[in-house]
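Construct the complete structure from the given sequences, taking the supplied hints into account.
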Amino acid sequence: MNNKIENILNSIDGIEKANPQPFLLTRVTARINAANAAPENIWYKIAFYIKKPLVAFSAIMLLVLINIFVIKSIKHRSDLENLAKNTNNQRYDFAINVSVMYDIENQEP
Amino acid sequence: MNQQAIIDTTQNAEENFASIVNYRQQMVYNTALGIVQNEEDAEDITQEVFLKIYEGLQNFRNESSLSTWIYRITITTSLDFEKQKKRQKRGGLMQRVFGFNEATEKPDFFHPGVALDKKEDAAVLFMAIKKLPEKQRTAFILHKIEGLTNNDIASMMDSTLLAVESLQVRAKNNLRNYLKDYYEKYFK
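Here the protein sequences line up with chains U and P, keeping their order. Everything in the first sequence is counted per my numbering, starting at 1 for the first residue and increasing by one. Everything in the second sequence is counted per my numbering, starting at 1001 for the first residue and increasing by one.
Simulated from the structure, these hints should not be mistaken for laboratory data. Errors might be hidden in some of the hints.
List time: in silico SDA-like cross-link candidates among lysine to any residue, alpha-carbon distance up to 20 Å [unchecked claim]: (1) 1118/P with 6/U; (2) 4/U with 1180/P; (3) 1083/P with 49/U; (4) 1131/P with 7/U; (5) 1083/P with 55/U; (6) 17/U with 1120/P.
Here are the simulated distance ranges between beta carbons [what the hints assert, rightly or not]: (7) 41/U with 1044/P: 18 to 24 Å; (8) 1116/P with 30/U: 31 to 37 Å; (9) 66/U with 1113/P: 51 to 57 Å.
Here the structure is a predicted model, which is why all the values come from computation and not from measurement. Yeah, the Cβ is synthetic: ideal placement off N, Cα and C, and Gly gets one too.
Have a look at this one:
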C-alpha cells in the first residue's frame, strides 16, 4: 500500500501546463468595458454590504435583541395594567362598601 | 522578454495590460485550476484576476515582483471563489458549523496536463489535496504544479522559508494519511 501511496503522491510530477480557452484577452477586455459602461447602482452597493456574513449576523442579532426587548416591555406593561386594574377593583369594592355603610348609617331621610 | 521590462519600456497602458494577459494567463489559469479543480471555475477566476490586475496596475509599486503580485491575487481570488461556492451549496453553513468534511470521497477532477497513465492516480491525489488546510494546499500546489521553489513560495505567502518547508512536510504527511484512510475505507 505504501508504494501505491507514493505513486499517487508522485503522479503529478512533471505535470504539463493546462491552457485556458483561446481569446482570453478579448473576453477580459469585454468584461472591463462592460464594467466601465455599467452605471453605479446604489442597490448593488447595499447588497454587497448586506451579504457580508458579519453584517448579516449582526443584523440578525440586532433583530433578536429588539424582539427580546419588545417582548419584555410588553410583559412589563401588562403587569402594570393588571396592577392598575386590581387597584381599581379594590377601590371600586371599597367605594361600594363605603356607600353601603353610609346608607346603613343614614337610614333616616 | 521579462514581464517587468515590458512594463518599464512600453508606454501604452493598454499594451502593458495585453502583454501581461498574454504572458501570464497560463500561470494564473493553472494556479486557479490547482486550487478550485474545475476548468470552468478556473476560467472565471482567470478573468476575474486580470480584471483586478487591470484595476490595480496603476498602483503597483514594485514592492514585490510582478509575478509575486499576480500569484497573490490569483491565490486570494481562487480561495475566495471556493469559499463563496461552498457557502452557496445547500447545507454549507451546517457543514461548517458542525465541522463535517465537505470534500467528496470520489475522485472527480482529471487535470488536463497529467499523462494518461497517471490520470487515475492524479485524480485521487487532487481529491486528497482538496482536503488539506488552505496554507498547506497553497504551498503544495505552487510547488508541485507551478514548480516554484520554497523561497518563491515564502515571498508569495508573506512567510519564511522555514515555515513553507514545514507546510510542505505537513502537507505530504496529511496527504499520506488521507490516502491511507481512503484506500483502507474503499479498497479493503
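Outcome of the hint check:
Only pairs whose Cα atoms come within 20 Å are accepted, and residue 1118/P paired with residue 6/U is accepted, the gap being roughly 13 Å. Between residue 4/U and residue 1180/P the alpha-carbon distance is near 9 Å, which keeps this suggested pair within the 20 Å criterion. With a CA separation close to 17 Å, the supplied pair residue 1083/P and residue 49/U stays within the 20 Å bound. At most 20 Å may separate the alpha-carbon atoms for a hinted pair to count; residue 1131/P and residue 7/U meet this at roughly 19 Å.
For the proposed pair residue 1083/P and residue 55/U, the alpha carbon gap of about 17 Å is at most 20 Å, so the pair holds. Taking the CA atoms of residue 17/U and residue 1120/P, the gap is near 18 Å; set against the 20 Å cutoff, the hint holds. Our hint of 18 to 24 Å for residue 41/U and residue 1044/P holds, since their Cβ atoms are close to 22 Å apart. A beta carbon spacing of about 35 Å between residue 1116/P and residue 30/U agrees with the range 31 to 37 Å that was offered as a hint.
Roughly 55 Å separates the CB atoms of residue 66/U and residue 1113/P, a value that falls within the hinted 51 to 57 Å.
No hint from the list above goes unmet by this structure.
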